[in-house]
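Chain A is already provided as a structure; the job is to place chain E on it using the hints.
In order, the protein sequences belong to chains A and E. Read left to right, the first sequence gives residues 1 to 407 (the UniProt record's numbering). Read left to right, the second sequence gives residues 1 to 268 (the UniProt record's numbering).
Source of the hints: derived by calculation from the structure; they are not laboratory data. In this text the structure is predicted, and so the values were computed from the model without any measurement. Hints may contain errors.
Stated by the list, open to error - Below, simulated BS3-like cross-link-like pairs (lysine-lysine); rule was C-alpha separation at most 30 Å, straight line: (1) Lys-137/E / Lys-26/A; (2) Lys-137/E / Lys-64/A; (3) Lys-125/A / Lys-184/A; (4) Lys-26/A / Lys-110/E.
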Amino acid sequence: CDRTIFSVNRHQVFRINVRNGDEISKLNRLVNSDNLKLNLWKSSPALGHPADVLVPSVSLQEVKSFLEDHGLEYSVAVEDLQTVLDTEEQQMQHNVHQELSSNCFNYGAYHTLEAIHKEMDNIVKYYPRLASTVTIGHSFENRSMYVLKFSTGKGRWRPAIWLNAGIHAREWISPATAIWTARKIACDYGKDSVITSILKKMDIFVLPVANPDGYVYTHTHNRLWRKTRSVNPGSTCIGTDPNRNWNSSFGGVGSVADPCSEVYHGPHPHSEVEVKSVADFIKKHGNFKCFIDLHSYSQMVLYPYGYTATRAQDADELDMVAKNTARALATLSGTQYRVGSIFSVIYASSGSTIDWAYDNGIKYAFSFELRDTGDYGFALPASQIIPTAQETWLGLKTIMEHVRDNI
Amino acid sequence: MQLRRQPLPAPRPGDARPAAQRLAGPLLLLLALQGAAASGGPEDSGWLQDAEPSSRLLSQAARAALHFFNFRAASPSALQVLANVLDGRAWEDEKRLGKCSAQVFFRNEKPRPAVNVTCSQLMKKERRQEEDYHLYKLMKQLESPLNAVSIPDSHGYIAPSLRPIWDLAFLGSSYVMWQKTTPFLHYYMSQISSVKQWKTNDDAIDFDYTVLLHEFSTQEIIPCHIHLVWYPSKPLKVKYHCQERQTPEEASGTEDGSAMALTELSNF
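In isolation and in its complexed conformation, chain A is listed as follows:
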């Protein structure tokens, strides 16, 4: 756009209040008059909603007189449109420059799989001594199962924490929280005493998108897809619920054998390559002390079991940690989380991540159901990403501190 041809020097935007039908028609007359060359910026004037009108500099005096003569209430919303446009242009150039030069990833927005993986690489680039990536396998459609590893020590099998996210494709707040958390871990190491002491003792692994095929599908086809995208022989229905596919009371209550169901457990335990990749990695490592799985929605901190009402052996301790976690989370914005075992608080579910982790020696196994409690549900507005991640971080630190002090 050639600036000299299109100049809005000293053009102003008037905000005019319309208090009754009479004023609406007066305003319409003003706007529609040929010689003044006015432009309505927003929708037509309506009761209680001010109208924004662009007034070219030549018409300023006439418009002011008209408004005053007819007793119409107004204010000048924009004193000089050119200044606003210039500033905006500057901002945009700045942002583009920033993005190109330092790859600024907007943590307050939802991203594609590619963008998340790219940001994981960026975190490694900026924190090379702390962070590295590991590809632990590939999805059904051959996308990488990409994990960030944070480690301060030598030795490949230090006690470790696993943060799992995005296993259910439509729960977008989960990967969004995980990538923010990864960045937070990297950023705060060496500055925050809690995370520094945790990392001194343990490694942290973050898998932001545990179900990459499903996640991509929610971007390209169906925002409310949940499962994997594996083919079910003999059925037109696609996918298995990856959180019913783990080898812990596989096929039990709260999971079904129908491939068309959202809670289809799959043909056999770990049939889903996405599940098998994580399970095998963790078993092979052999020294995981904590497994945290991020889901949405309902606002809960949950511990095993999901497959039975019977209390887990460590239920008392886990319940205490979970309560402290919810309490810490609430300190930021007052967000309230419920606490309890999966079975008692949410519903029966067999073959879930944390039941498997717990039954395989990982005592500190917790599942989060993040914001909200149903008003937006899965389609949580992006404006809530950072507040959610910030408060969840306080909860995660509570768990990790307890693990640090008890292993």
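For chain E alone, coordinates are given in the frame of chain A:
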């Protein structure tokens, strides 16, 4: 070498419902509600902290009561969301919230619980009527949003100009969700997936749309075709037809014997 914990024996089918949940009488609840617009930020939802199986049932019943309340109020400008399921002791802190007591009765575990709900401290009737009328006028001026799909969009965003559509759709969905709630099934509205018709040439708003409901215990997404007729301060007229995956019969129903015929059922 890590100890492999002995997994507990899997329960028999039917164990999923603890005995305490067999319902002999109505569930009594105290709820705190707040305006949907007011709750746009961090969720202030406090819940019963005890992890009893019955708290799950209570929160489901509370949701049914909320759906019924919103439907009966027929006020898209004053939609309520659940702020708290309380017990008697927690009331004093909730000054800015509406307080309700509700009785929810599931007869023979069937859907459409009988709900008795009375509230205090909500928006005054006159103010609510004013807001509704204002909303009605805005809707009348709205260009037919037939090309609007997915409200909210994938990122959870609802354009301010489309907000009235959402509010009205939510009102109709509240009726449907109340109708379908059982002790084992409870619903949330996920998204408006399409707007088929938006007519305002008579006095009332005639709104025909498809909504995606999320059923929590099965995690299923259920498309429902809803046709409602709304005029401020009048009871809502709703017809609906949901595409159930699980049950072979289709679930549908009407309210108030609306004069408008539900068309395009076969195309659904």
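Results of checking the hints against the structure:
1. Restraint check for Lys-137/E and Lys-26/A: satisfied, since their Cα atoms lie roughly 19 Å apart, inside the 30 Å limit.
2. About 29 Å separates the Cα atoms of Lys-137/E and Lys-64/A, which keeps this hinted pair within 30 Å; it holds.
3. A C-alpha spacing of about 15 Å is found between Lys-125/A and Lys-184/A, which places the hinted pair at or below 30 Å, so the restraint holds.
4. Annotation: proposed proximity of Lys-26/A to Lys-110/E is violated, straight-line Cα distance about 58 Å (limit 30 Å).
Hint 4 from the earlier list is the only one contradicted by this structure; the remaining hints agree with it.
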